[in-house]
Each structure stands twice: as C-alpha cells, then as structure tokens.
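Asks: Residue-level listing of the chains:
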Amino acid sequence: ETGVTQSPTHLIKTRGQQVTLRCSSQSGHNTVSWYQQALGQGPQFIFQYYREEENGRGNFPPRFSGLQFPNYSSELNVNALELDDSALYLCASSLGAGAGNTEAFFGQGTRLTVV
Amino acid sequence: QKEVEQNSGPLSVPEGAIASLNCTYSDRGSQSFFWYRQYSGKSPELIMSIYSNGDKEDGRFTAQLNKASQYVSLLIRDSQPSDSATYLCAVNPPYSSASKIIFGSGTRLSIRP
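Protein sequences appear in the order of chains L and U. Position 68 (the first sequence) corresponds to 56 in this note's numbering; numbering is contiguous. Position 104 (the second sequence) corresponds to 145 in this note's numbering; numbering is contiguous.
Any given hint could be a false lead.
To spell it out: a stretch of chain U is covered by chain L in this simulated footprint if at least three of its residues, at any positions, have a beta carbon under 8 Å from a beta carbon of chain L; those stretches are [stated by the list, open to error]:
| id | region |
| --- | --- |
| 1 | 86 to 95 |
| 2 | 141 to 154 |
Restraint ranges, calculated between C-beta atoms of paired labels, are given here [what the hints assert, rightly or not]:
| id | chain 1 | residue 1 | chain 2 | residue 2 | range |
| --- | --- | --- | --- | --- | --- |
| 3 | U | Asn94 | L | Gln6 | 34 to 40 Å |
| 4 | U | Ser123 | L | Ser15 | 24 to 30 Å |
| 5 | U | Gly50 | L | Ser(-5) | 19 to 25 Å |
| 6 | U | Ala109 | L | His(-2) | 29 to 35 Å |
| 7 | U | Asp96 | L | Glu91 | 38 to 44 Å |
| 8 | L | Asn59 | U | Arg118 | 37 to 43 Å |
| 9 | L | Thr(-7) | U | Glu98 | 28 to 34 Å |
| 10 | U | Asn63 | L | Gly84 | 37 to 43 Å |
| 11 | L | Gly(-9) | U | Leu116 | 43 to 49 Å |
| 12 | U | Ser110 | L | Glu41 | 45 to 51 Å |
| 13 | L | Gln6 | U | Gly100 | 42 to 48 Å |
Since the hints were made in silico from the structure, they are not lab data. All C-beta atoms in this analysis are idealised placements derived from N, C-alpha and C, irrespective of residue type, glycine included.
With these hints in hand, go ahead and build the complete structure from the sequences.
Replies: Have a look at this one:
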C-alpha cells in the first residue's frame, strides 16, 4: 500500500461527456502527478501540481485540466471525452517538485472506458 | 527515437534463474532512474531507484546504471513465479521545473516453473 488513493476505481462514460477523477496523496507529499496509461503502453505524463499550481504539462490538449487543494489532494478533469481517452488514469504523489525528488508512488488507478 | 526504450518481450526465464531487463534513454542529462513492476490490471509499484553510475542492490534485485552508454538494467536473481509482471523503466529528464517521469513501454517477464 502506497497511501495514495484514487476514486472511482472504474468508470464508464459516453463520448462527449465530462469526467472528474480524484486522488489523495500520501501523507507528507505535496506534489501530485497524473498519468494516462493506454493498454500495452507505459504511463504518459499529463501534468503535475505542486503547492496548488500546475508545475509542468505533457503533450495533452487543454480539455485535460486539473486542480490541487490545500490538503494536496487533486482532481483530473477531462472534457469532451473521446473514445481514445479510454485508459487507466494514474495518480502519483511525491515530495518536492525539483529534479532529484521524484520517487513517485502510484495510487491504484481509475479505469475509464468511453463508449 | 523514443525517450526511453525497452524490449517489449515477453522475456521467459526459468524459475531460479537470473532475469536481465534492459533499458536505454535518449536524454544524456537525465539524473534519476527507476524500475517499476506492474502486475496485470494493477498500478506500477516502485522497486528500485538509482541516481549514480554503478550497481545498487536490494534483496534479489540489482539495478545497474551506465550514464556514458545511457543504459539502465535490472537483474532479478533467483527468479520466482511471483516476479512474472511487466517491468517499466522510467527516467527523470533534466527539465527545468517539472519533475515529470518518462516511462518506457515496459518489458513483460514470464517466469516458467
């Protein structure tokens, strides 16, 4: 157990809908990163939040957005869902946002299916 | 060229033997390197991190880093059936502010009895 919890564990949405995924970071960790993992692929970095600010973003469109709260929990929002958004969404927490402080521990993930 | 490359496998190793997993990365300035294990349908689990050239041992696992060759490897000694999983190599590139991790696509390891 990493202490990182995600909800929900599974979700089915219709194309065009919006979805919100939630993550509670490990105690003491102030940085949350979100990843998308398609079947048979490694996780792809979406973005990172540090002290409630977005602190880096991967190659994902603006319809992927996020929030971090004062308790360091986080949300990932995806608007206008597309079929290709079907994936395992992973949240990882770590301490600090600079290089060398990136031992990241993952939650159990949210399996999103878009139909 | 992918930023982190791994052989997708599957790599089949007899029980009790040494499993050797390899990874290369493209950004020479990368500083932190990780191996994650992922069972089917589960999330990645950090098993090793390495930051300097050489070997790092933890139980049956040894990570090896060669920055000159941009090469990272993971050795699993006395392989057990429970080691059957996908192993993800991950690298922290030297970007300015974001400490994002770049993952390879993973190597599937199968330990046969």
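Asks: All hints are to be evaluated individually against the structure, with a verdict given for each.
Replies: Hints, verified against the model:
no., hint, verdict
1, 86 to 95, "holds (count 4)"
2, 141 to 154, "holds (count 7)"
3, U:Asn94 - L:Gln6: 34 to 40 Å, "violated, 47 Å"
4, U:Ser123 - L:Ser15: 24 to 30 Å, "holds, 28 Å"
5, U:Gly50 - L:Ser(-5): 19 to 25 Å, "violated, 32 Å"
6, U:Ala109 - L:His(-2): 29 to 35 Å, "violated, 45 Å"
7, U:Asp96 - L:Glu91: 38 to 44 Å, "violated, 19 Å"
8, L:Asn59 - U:Arg118: 37 to 43 Å, "holds, 42 Å"
9, L:Thr(-7) - U:Glu98: 28 to 34 Å, "holds, 32 Å"
10, U:Asn63 - L:Gly84: 37 to 43 Å, "violated, 30 Å"
11, L:Gly(-9) - U:Leu116: 43 to 49 Å, "violated, 29 Å"
12, U:Ser110 - L:Glu41: 45 to 51 Å, "violated, 37 Å"
13, L:Gln6 - U:Gly100: 42 to 48 Å, "holds, 45 Å"
Checked against the numbered hints given earlier, the structure breaks hints 3, 5, 6, 7, 10, 11, 12 and satisfies all the rest.
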